[in-house]
Structure formats: structure tokens, C-alpha cells
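Visitor: Combine the two chains into a complex, taking the hints into account.
These protein sequence lines are chains A and B, in that order. Throughout the first sequence, residue numbering follows numbering that gives the first Met the number 0, covering 0 to 391 in sequence. Throughout the second sequence, residue numbering follows numbering that gives the first Met the number 0, covering 0 to 132 in sequence.
Since the hints were derived computationally from the structure, they do not count as laboratory data. Among the hints, erroneous ones may be present.
Unchecked claim - With a cut-off of at most 25 Å between alpha-carbon atoms, the simulated SDA-like pairs for lysine to any residue come out as follows:
(1) B:57 - A:49
(2) A:160 - A:316
(3) B:55 - A:195
(4) B:24 - B:86
(5) B:41 - B:72
(6) A:15 - A:1
(7) B:57 - A:259
(8) B:130 - A:316
(9) A:49 - A:21
(10) B:89 - A:137
(11) A:311 - B:103
(12) A:160 - B:104
Just so it is clear, the structure is predicted and the values come from calculations on it, not from any experiment.
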Amino acid sequence: MNGKSLVSIVSAGLSKFGKNEGLYARELFAEAVKEAFDRCPRLEPKRDVKAMFVGHMGESYEHQGHTASTVADWSGLLNIPATRTEAACASSGAALQSGIYAVLSGLADVVLVGGVEKMTHRSTTEVTEYLAMASDYPFEQWHGITFPGLYALMATAHMHKYGTTESQLAAIAVKNHYHGTLNPKAHMQKEITLEKALNSRTIASPLKLYDCSLITDGASCAIITKPELANKFTDQPVHIIGTGQASDTIGLYERQSLTSLQAAKLAAKKAYTMAAVKPEDIEVAEVHDCFTIAEIIAYEDLGFCLTGEGGKLAESGETRLGERLPVNTSGGLKAKGHPVGATGTGQAYEMYLQLTGQTDQRQVKNAKIGLTHNVGGSGATATVHIYRSGQQ
Amino acid sequence: MSMSEPFTIEQFYKFLAQGKLMAGKCQKCGKIHLPPRPLCDKCFHQEFTWVTVPGKGKLLTYTVIHVAPQQFQEKAPYAVGIIQLENNLKLPGMITAISPEQLHIGMDLTIDFTACDNTKPWPQWPRYCFKPT
Chain A
0 MNGKSLVSIV SAGLSKFGKN EGLYARELFA EAVKEAFDRC PRLEPKRDVK AMFVGHMGES
60 YEHQGHTAST VADWSGLLNI PATRTEAACA SSGAALQSGI YAVLSGLADV VLVGGVEKMT
120 HRSTTEVTEY LAMASDYPFE QWHGITFPGL YALMATAHMH KYGTTESQLA AIAVKNHYHG
180 TLNPKAHMQK EITLEKALNS RTIASPLKLY DCSLITDGAS CAIITKPELA NKFTDQPVHI
240 IGTGQASDTI GLYERQSLTS LQAAKLAAKK AYTMAAVKPE DIEVAEVHDC FTIAEIIAYE
300 DLGFCLTGEG GKLAESGETR LGERLPVNTS GGLKAKGHPV GATGTGQAYE MYLQLTGQTD
360 QRQVKNAKIG LTHNVGGSGA TATVHIYRSG QQ
Chain B
0 MSMSEPFTIE QFYKFLAQGK LMAGKCQKCG KIHLPPRPLC DKCFHQEFTW VTVPGKGKLL
60 TYTVIHVAPQ QFQEKAPYAV GIIQLENNLK LPGMITAISP EQLHIGMDLT IDFTACDNTK
120 PWPQWPRYCF KPT
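In isolation and in its complexed conformation, chain B is listed as follows (with noise of 0.2 Å):
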């Protein structure tokens, strides 16, 4: 993969409708972060190298949403979570393939890219979300 792709939440995005979980890891203290930044929050660098993110991890707390925003409604209701991946790095999402009663803190979970909706043009971002392992 090229190395020239800029550290911005579009380019996180364009990696994810190719079914890539890619994170910025920082070239001079290691500092991973997810999603990219264009300043290292530690040590305040300003390079960082392309690194993948296993795309599994655990639940850490969930919600199913009944009052939704007007372009979710069709969804509602629908449950959301954080999700707890490795390297202590977190990201929230939708978690589909589950009804609510199922959803238990600590259970294993896979993001999910088959469910983005990559046909809408850009700069409609794809949305991931997650399934049970």
C-alpha cells in the first residue's frame, strides 16, 4: 500500500469501503491512534505509518436507540455500542445480526464491512458496524 495516503478521517474511511481497519501509528513515540490524527495527542509529532487493526474485540457497553435522527428512523430501533478493540484502542458502532436480549457486555464481536453501503457516492462515508463473532 502506498505510504502517501493522508492521516485524515476521509482516507480512514476510503480504507473501510475497501474493507481495511486502518489506524495512524506515530513514527516517534508509537502512539497508535484510531482513527488518524494529524498530531500525535502524545508527543505532538506529525508522522505517522499506516497500520491494521484487527478488526475483533469485545463489548463494552451497548445501548438499543428507539428515538432516532430522521434518517435512521427506518432503522429504529437499533442498538449501538463501544467496542473495546486490541491495543486499547476503542470505536463505536451499530451492531447488527443480534436482537437486543442477546447484547452482554464483555461478548466477542467483528466489525463488519459487508454491511457498509459503499454505492453511495463519496463523500457518503461507508458505514461499518459490528456482528457477534
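With the rest of the complex left out, here is chain A (with noise of 0.2 Å):
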């Protein structure tokens, strides 16, 4: 038997992620409110919501700080506390982890954690300038080093370390596209090739336009709750077994190694230790593929292959809807897109789905246990939290 529920997800919601035009943040996230609250009609959301922790990356694409309290407001959830997270692409992924900390703390027995991003109204060079604001700005920003930039460092050195190819990297392209022709709220719904994403143009070499995740906006959220409590409002919780996050230095230049993320690694350690699960153990997962390196990277800092055989896992098929370890089903940040502050809650609203049998056509048959990972910038954030169905 795996380790004890933590805290039970008793909801979650997701707004249609892609170009959402004339739509503000606020207005997003309450679309993702909106499911969550639908989904579970023994909920009161003004009696029971007692706190709520919401990720937001950029106050740059909409002119507007102070996120928490104005998603809280436009959500109808006034006058509870209501804290922003930010750790850039994993902010809303270090939400759930202070709403964790918060329901165990017995402060809130249920908390609304969700994440949002409106960036699409931008242009992409504002954009490429906002998302680097993630980075070391001295050292990196200052000179020219872009976030497509800093995986691309780390997808050369992966390449001339263990002999990964381009081909394996287009190989997360094609599966996460494919996967996003299943899921109805992906940003992009069509199938692609190897070749077509192989001969697309160069971002930050080697990583080409299908290497990269998508510019999106989104919003996501999820209603936890203390265990005892999860069937006073759900027959078909979800429990969070483990949760780990850790940090890095904010430099990759400073890291230890420019082929794995410390973080991550450490992460996964702290939620696999805790949930008492194994990476063998893990039925489906969604990880932080910002780009197709981070995900050859995330395969062998969560354990799923060995060090340096990510891209072969890629290139295997393993990892596809149907095989041994389905690996983003929603499509990822690849397919499903990446606004930044939403994805950290957008992969537990998947794996929430997941574990109670409702993804429909991209379902995991049986699975009982997942896995979502999700990373701050270059590596200086990274969050895993594994989930286990109420269903036993």
C-alpha cells in the first residue's frame, strides 16, 4: 500500500487553452472556476472555500499585479485570503504546494489552488522578453541568452553527453501533438510529423519551432481538501500521496549539471519518498516539456529511464497513449500550451481526470497512480506531486 492522502482533490477546472481574444485573466480563470464548482455540486463555494493560492507568472502582459485578489474577486470568492504564487512556469505547481501546506496546517480545511497566464494578445518578441524575465538577469538575460536559449544549452550538452538526436527530440513533438488531437481544450488539435518538425525553422540551436511549447492563454484550478472530509463532497476524490519541490541556483551556468535538473531530481525524491512509490510505479504522468529536451530530461530525473536514455525512451513509443508509461496525454505544454502560471494546476486538472476515469477518448485504462512535474524557468524551481485514485 502506497503512503497515506495528504489531501484529497474533491474538484478541478481548465478554461480552453489557446488564442482566448478579448478575454482578460480574470475572466479566464473564473471559466476555470466555473468547471471546478459544476464538477461538484455538494460544494458550497462561499461556505467551504476558506483560502485560495493562485499562480501568475507576469504582471507585463496585462498591466495587472495583485493577481490573487483579482481572480479571487471575478471567481465570486471575496474576502478570503487570497496569495499569489510566483515561480515562474511552475507558480501554479508551487500553489498547490502551499495549499498542501495550508490544509495540513489546519488553517483552511478547503482551498482553491489554480494558475492563469493571458499572453497571446503580446507579441512573440514581448513575450520572449517577459518569459526570460525568469532568468539570471545579469548573467543571461544580459546577454542575450533567451529561455529557449538556456534548453537549447542544455539540449547540445545532452546531445554531445549521451548522443541524443534531433529526431528523438522531435519524437516528444509528434507523440504531444498526437495526444492533443484528443483532448478538446488543447491549444493545438492537429497531428504532425517527424519531418515537418524536423524541418522547422531554428529557434536557438538545435531546438526548432516544434521543439518549443506554445504561447497560450489559460487558466486551471483545483479544490483540495483534508482526506476525512473529501467524501463530504466528492464520491470520486483523487488523493495527493506526496508533494516535493526544491530550488537551484537561478544561473544555469552555475548548476552542477547542465544535463539533468537538481531540482527536480530532488523533487521527485521528496514526493516518491513520501507517497512510498516507486518511478515503476508511476501509470501516467505529466511533465514539464517547455521545450522537447525538458522532457528527455524530466524521463531520467523522474526516474522512468536510466540517466542519458531519455531520448531513447522518446524514440521508443513507450511513452504514447496505449503503452507501458502514457506520458502527457492532455498534449503537454507542447500541444495543450504553456501559459506559464496556469500549467503547474492545468497537469493536476489531468491527472485529476485521469484518476476518476473522465479524459474520454485519451483515457488511461485502470490507472491509479500519477505522476505531474513541473518546472520554474531553467531549472531554479521544480515541483512533483503524485496522486493516487479514490477508487481502490
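Guide: Below you can see the structure in the form of C-alpha cells.
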């Protein structure tokens, strides 16, 4: 038997991911919250929800800071404590862990955790600059190193050290685009071929357009509570049995390794230990594929394969839906999209649906144990969560 | 050189503008910090000594950036890398005076201060870069 339940997810919601023209972040967040409330009719939001943690990376997009109170206001959840968590692309992974702290502290028995980002109304140049803010200003941004550039530096090192190929990187894109076609809320709904991915234009060598995740608008949320209260709200809870978060140097150049993310390995170790689960027990996973190389490194950091063999696992097809360990059934950041602040709890949403059997055509049959892996920036933050279906 | 300069990022760049690559050595545990820090991350000591770091190293990894932020667009595509210096110190930076196909991991690079644009008023930092040795 695995570790005990820390908290239980009793509902979750996700806005449509994509180009949501004419909508503000707060309106997208309200869309996600509405779904979570509709899925959980036994919850009385104004009575039951005691606190909110909201991941949001950038106030530059909408010239709007103070995000948590803004979205609490627009979600009809006035007056409860609402706190923003910011850890770049791991902002809502951090919101989820903060929510777990809140529930376990006993100060709030029902907590809404979520995240949001509205990005597509800005030009690619502007978004490139805003995303780069998650990296080291005086030594990375100052020297013209972009976000794709940082992951490209890891990709070059990984290819040199382990013989990982551009074709193996592209295999991640092909898989996740296929999964995206099975998710009606995904930003991209079309399959791509290996050739198309390999022939796309260079962004930061060796990374090409199809190695990069999407600039997307979206919001996500989950409602968590004490395990003993879960059945008050739902007959189908999903339990979180492990949580881990870790940090690392803000500058990629100061890291011990350029081919793995120490923060992700530390977060995974904490979560696996807490959950009493081994990598081979994981049946479905959502990992942080901001770039294709990031999913390959995630396979290794999470113990899904041996160090250096992530590329081989990518091209083996074993992480495709219907195979040994489906990864990023939602389409991942690559095809579902990456509204940065919404990504962490967006992964939790997919895990909630998978472990309650509600994903329709992308369902991993009989999945009981799942994992989410959310990375901030080039790896200065990572969160890992492990989930168990409430249906034993 | 005066030992009174603060161990700050700003001072690091001021030395660069003078053609010097300088690091802060912890007076207690001896760890060398490049860039300098106000607090030793090994022993939490706060007193340091400036030491000169030889500006020669080997290329650990690189990329050629094609999609650049606004202020770098006229340079794109341009190469950046992480350079391994002595004492396990590392620095990222642009790599100039080389064509992309000649870049390879392990190649010898030297810091180039002459490429620094020192004409802009402070606090615009000078930008060092690396070129083949």
C-alpha cells in the first residue's frame, strides 16, 4: 500500500487553452473555477472555500499585478485570503504545494489552488522578453540568452554527452501533438510528422519551432481538502500522496549539471519517498515539456529511464497513449499549450480527470497512480506531485 | 588595487570595463565566487578578497540564437555558450569571431574585453564576450 493521503482533490477546472481573444486573465480564471464548481455540486463555494493560492508569472502581459485578489474577486470568492505564488513556469505547482501546506496546517480545510496567464495578445518579441525575466538578469538576459536559448544549451550538452538526436527530440513533439488531438481543450488540435518537426525553422539551435511549447492563454484550478472531508464533497476523490518542491541556482551556468535538473530530482525524491511509490509504479504522468529536451531530461530525473537514455525512451514510443507509461496525455505544454502560471494546476487537472476516468478518448485504462512534474525557468524551481485514485 | 570595492555585481562589471575579470574569494573557507556574492554560500562568511580569474577556458555547451529579444535582434543569429574557467568557475556569454559550424564543445576560448561596449553611460554594464583562443 502506498503512502497516506495528504490532501484530496474533490474537483478541478480548466479554461479552454488557446488564443482567447478579448478575455482578461480574471475572466479565464472564472471559466476554470466555474467548471470546478459545476463538477462538485455538494460544494457550497462561499461557505466552504477558505483560502486561495494562485500561480501567475507576469504582470507585464496585462499591466495587472495583485493577481490573487483580482481573480478571487472575479470568481465570486471575495473576502477569503487569496495569495499569489510566483515561481515562473512552476507558479501554480507552487500554488498547489502552498495549498497543501494550508490544509495540513489546519488553518483552512478547503482550499482552491490555481493559476492563470493571458499571453497571446502580446507579440512574440514581447513574450520572449517577459519569459526571459525568469532567468538571471545580469548574466543571462544581459548577454542575450533567451529561454529557448537556455534549454538549447542543455540540449547541446545532452546530445554531446549521451548521443541524443534531433530526431529523438522531435519524437516528443510528434507524440504530444497526437495527444493534443484527443483533448478538446488543447491549443493545438493537429498531428505533425517527424519530418515537419525536423524541418521547422531554428529558434535556438538545436531547438526548432516544433521543439518549443506554445504561447497560450489559459487558467486552471483544483479544489483540495482534508482526506477525511473528501467524501462530503465527492464520491470520486483523487488523493495527493506525495509532494516535493526544490530550488537551484537561478543561473544555469552555476549548476553542477547541464544535462539534468537537480531541483527536479530533489523534488521527485521527496515526493516518491512521501508517497512510498517507485518510478515503476507510475501509470500516467504529466511532465514539464516546455521544450522537447525538457521532457527527455524529465524522464531521467523522474527515474522513468536510466540517466542518458531519455532520448531512446522518447523514440521507443513507450510514453505514447496505450503504451507502457503514457506521458502528457493532455498534449503537454507542447500541444495543450503553456499559459505559464496555469501549467502546474493544469497538470493536476489532467491527473484528476485521468484518475477518475473522465478523459474520454485519451483515458489511460485503470490508472491508479499518477505523477505531475512542473519546472520553473531553466530549473531553479521544480515541483513534483504524486496522486492516487480514490477508487480502490 | 584598493580592497575596499564592494563585492557586488555592479563592481564585477566595473572591473570588466577596466579589462579585468575579478572574483570574490571567501576569507574563511576559500571558496571563489564568480560573480562575487555578499554572503558565502558555503560557510556564510561575509569577508572576501578580490582575485583575478584568468580569462581562458573551454566551451561546455553552446547554442545559436535565431529568435532574439528586441535589443539583440540586429545581432541575430548569434552564438552564446557556457565557458568553464579554472577553479571550476563558469560564465555564460556571447561567442564572437567564429562561424556557427566551427563551434564545438571543449574548444578553447578567451574572454574579449575589447568587445565590451564601454561607451554607454553607467549603469549600462559593459558586455564581455568570448572568442576562440
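Visitor: All hints are to be evaluated individually against the structure, with a verdict given for each.
Guide: Now for the hints, and whether the structure bears them out:
1. B:57 - A:49: violated (55 Å)
2. A:160 - A:316: Status holds; Cα separation ~22 Å.
3. B:55 - A:195: Since the Cα atoms of residue 55 (chain B) and residue 195 (chain A) sit roughly 41 Å apart, the hinted pair is violated (cutoff 25 Å).
4. B:24 - B:86: It holds: about 11 Å lies between the C-alpha atoms, which stays within 25 Å.
5. B:41 - B:72: This hinted pair is violated, its Cα atoms lying about 39 Å apart.
6. A:15 - A:1: Distance ~34 Å between residue 15 (chain A) and residue 1 (chain A) Cα, so the pair is violated.
7. B:57 - A:259: holds (20 Å)
8. B:130 - A:316: violated (42 Å)
9. A:49 - A:21: Distance ~31 Å between residue 49 (chain A) and residue 21 (chain A) Cα, so the pair is violated.
10. B:89 - A:137: Measuring from Cα to Cα gives roughly 14 Å; hence the hint holds.
11. A:311 - B:103: holds (24 Å)
12. A:160 - B:104: holds (10 Å)
Of the numbered hints given earlier, the model fails hints 1, 3, 5, 6, 8, 9; all others are met.
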